[in-house]
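Chemist: For reference, the chains in residue letters:
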Amino acid sequence: DTGVSQDPRHKITKRGQNVTFRCDPISEHNRLYWYRQTLGQGPEFLTYFQNEAQLEKSRLLSDRFSAERPKGSFSTLEIQRTEQGDSAMYLCASSSTRRHITEAFFGQGTRLTVV
Amino acid sequence: DQQVKQNSPSLSVQEGRISILNCDYTNSMFDYFLWYKKYPAEGPTFLISISSIKDKNEDGRFTVFLNKSAKHLSLHIVPSQPGDSAVYFCAASVSGTYKYIFGTGTRLKVLA
Chain A
4 DTGVSQDPRH KITKRGQNVT FRCDPISEHN RLYWYRQTLG QGPEFLTYFQ NEAQLEKSRL
64 LSDRFSAERP KGSFSTLEIQ RTEQGDSAMY LCASSSTRRH ITEAFFGQGT RLTVV
Chain B
171 DQQVKQNSPS LSVQEGRISI LNCDYTNSMF DYFLWYKKYP AEGPTFLISI SSIKDKNEDG
231 RFTVFLNKSA KHLSLHIVPS QPGDSAVYFC AASVSGTYKY IFGTGTRLKV LA
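Top to bottom, those sequences are chains A and B.
With our numbering, letter number 59 in the first sequence gets 62, and the count goes up by one each step, no holes.
With our numbering, letter number 31 in the second sequence gets 201, and the count goes up by one each step, no holes.
Rather than coming from a laboratory, the hints here were simulated on the basis of the structure.
Quick caveat: nothing in here was measured; it's all calculated off a predicted structure.
Positions of the beta carbon are idealized from the N, C-alpha and C atoms, including for glycine.
List time: in silico DSS-like cross-link candidates among lysine-lysine, alpha-carbon distance up to 27 Å:
{"#": "1", "chain 1": "B", "residue 1": "175", "chain 2": "B", "residue 2": "224"}
{"#": "2", "chain 1": "A", "residue 1": "17", "chain 2": "A", "residue 2": "60"}
{"#": "3", "chain 1": "A", "residue 1": "14", "chain 2": "B", "residue 2": "269"}
{"#": "4", "chain 1": "A", "residue 1": "74", "chain 2": "B", "residue 2": "269"}
{"#": "5", "chain 1": "A", "residue 1": "14", "chain 2": "A", "residue 2": "60"}
{"#": "6", "chain 1": "B", "residue 1": "226", "chain 2": "B", "residue 2": "241"}
{"#": "7", "chain 1": "B", "residue 1": "269", "chain 2": "B", "residue 2": "241"}
{"#": "8", "chain 1": "B", "residue 1": "238", "chain 2": "B", "residue 2": "269"}
{"#": "9", "chain 1": "B", "residue 1": "224", "chain 2": "B", "residue 2": "241"}
{"#": "10", "chain 1": "B", "residue 1": "241", "chain 2": "B", "residue 2": "175"}
{"#": "11", "chain 1": "A", "residue 1": "60", "chain 2": "B", "residue 2": "175"}
{"#": "12", "chain 1": "B", "residue 1": "269", "chain 2": "A", "residue 2": "60"}
Some residues of chain A that are not near chain B, with every Cβ distance over 10 Å (derived):
{"#": "13", "residue": "16"}
{"#": "14", "residue": "55"}
{"#": "15", "residue": "57"}
{"#": "16", "residue": "71"}
{"#": "17", "residue": "81"}
{"#": "18", "residue": "83"}
{"#": "19", "residue": "87"}
{"#": "20", "residue": "91"}
{"#": "21", "residue": "116"}
{"#": "22", "residue": "118"}
Okay, the calculated beta carbon distance ranges per label pair:
{"#": "23", "chain 1": "A", "residue 1": "43", "chain 2": "B", "residue 2": "225", "range": "23 to 33 Å"}
{"#": "24", "chain 1": "B", "residue 1": "267", "chain 2": "A", "residue 2": "87", "range": "25 to 35 Å"}
{"#": "25", "chain 1": "B", "residue 1": "237", "chain 2": "A", "residue 2": "75", "range": "35 to 45 Å"}
{"#": "26", "chain 1": "A", "residue 1": "100", "chain 2": "B", "residue 2": "210", "range": "28 to 38 Å"}
{"#": "27", "chain 1": "B", "residue 1": "188", "chain 2": "A", "residue 2": "43", "range": "23 to 33 Å"}
{"#": "28", "chain 1": "B", "residue 1": "230", "chain 2": "A", "residue 2": "60", "range": "30 to 40 Å"}
{"#": "29", "chain 1": "B", "residue 1": "242", "chain 2": "A", "residue 2": "20", "range": "36 to 46 Å"}
{"#": "30", "chain 1": "B", "residue 1": "225", "chain 2": "A", "residue 2": "67", "range": "41 to 51 Å"}
{"#": "31", "chain 1": "B", "residue 1": "198", "chain 2": "A", "residue 2": "42", "range": "24 to 34 Å"}
{"#": "32", "chain 1": "B", "residue 1": "185", "chain 2": "A", "residue 2": "58", "range": "40 to 50 Å"}
{"#": "33", "chain 1": "B", "residue 1": "181", "chain 2": "A", "residue 2": "10", "range": "32 to 42 Å"}
Use the sequences and the hints to build the structure in full.
Modeler: Printed below as a string of structure tokens:
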């Protein structure tokens, strides 16, 4: 098991462009989360999936953001019409309901820079 | 409204001594707490957690203490090592919600 994998690691895009990030969770984990981290802040919750169902979305997730987890495996996070304020580290994490301890394991993140 | 607060943005400790990182929370519904360590350009790495039914949890050099009445938890690292230098985040959650609320982090520097 290689842990949570995110692709790409870095993305520079022009304002107004669309971007898509991918997350591959730990294989036996049925929960998947997206967080966003900006400089000097802790990670902020964006959304959460259990299997393929998106169960919660933060108010931070505007209508320009959409996340999917088809078939309950990998997940994608798409940002449409990017704005400079979207520049951040986007973190994916996964956890399992099958364990008593419910800590989430994070990937290395995708750093987005909107110019 | 910052529900999880880490009031010390940075801390320096000599190698071999104890590092104590503090975290306060305001939401009395939180019942599960975690500490993560983060190196630059990497995602957070899980360190240790504690449920609200306990007041202490230990794992090797790392011990987390929970004081529910004060809504305060702390992470003790003994002995501190230069490789412990990183940003430490405290996080809290409410059972059944599955999302974590993170503090703003404390940057620990362990001096050799």
